[in-house]
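Using the sequences provided together with the hints, build the complete structure.
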Amino acid sequence: GNSFIYSRSIKTIVEAPVKIDAANIGRIDLRIEDLNWRLAEEFSRPDVQYRAVKSEIAKDQIRVTGLVLNNNSFKLSAVNITAVALSKSGREVAASKTVLKDLDSFEERAFTVILPSAGDPIDTGATLIFVDGF
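Sequential numbering from 727 applies to the sequence shown in our numbering.
Among these hints, one or two may not hold up.
Quick list of in silico lysine to any residue cross-link-like pairs, SDA-like style, CA-CA up to 25 Å [what the hints assert, rightly or not]:
1) K745 to F730
2) K801 to V779
3) K737 to P772
4) K745 to T850
5) K823 to F800
6) K780 to N806
7) K737 to R757
8) K745 to N762
9) K827 to F730
10) K823 to L795
11) K785 to A836
12) K745 to D755
13) K801 to A844
14) K737 to L765
15) K801 to A748
16) K801 to R777
17) K801 to V774
18) K780 to L826
19) K823 to R835
20) K745 to P772
21) K823 to A748
22) K780 to G792
23) K827 to I731
24) K737 to A748
25) K737 to K785
26) K780 to S815
27) K814 to D830
28) K785 to A844
With beta-carbon atoms standing in for the labels, derived distance ranges [stated by the list, open to error]:
29) N750 to L793: 33 to 39 Å
30) S843 to R734: 32 to 38 Å
31) G845 to I736: 36 to 42 Å
Derived by calculation from the structure, the hints in this document are not laboratory data. Glycine included, every Cβ here is placed at the ideal spot set by N, Cα and C.
Take a look at the structure:
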């Protein structure tokens, strides 16, 4: 797939849904090709905030809900929301993402991210959320 990163940022990339048994992973490679560099002033990071995040276990899945706000005076064509569930021991055990399309200026919208249930007990109060708007 394709992605982007803003200047002076660290990015978490999740491609979902991919069901992989972590015990079978021997090596992971990431290749970066066809770079399209831009000046930081041309590609500034939009102000996107999230709040009221709640994680719950329902049947064989983890449901993460919350609200995301486009705190800009312009419309965002898409907002990527990534959720990473942590076990009670702090280990990353499940991840998924969703995309909200066409978020108007100063619009707040609900989101839901569905993650596969993991074998370890989940700490529902420690879900990591990553939000990118463009």
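Non-conforming hints, listed in increasing numerical order: Violated: hints 8, 13, 15, 20, 25, 27 and 31.
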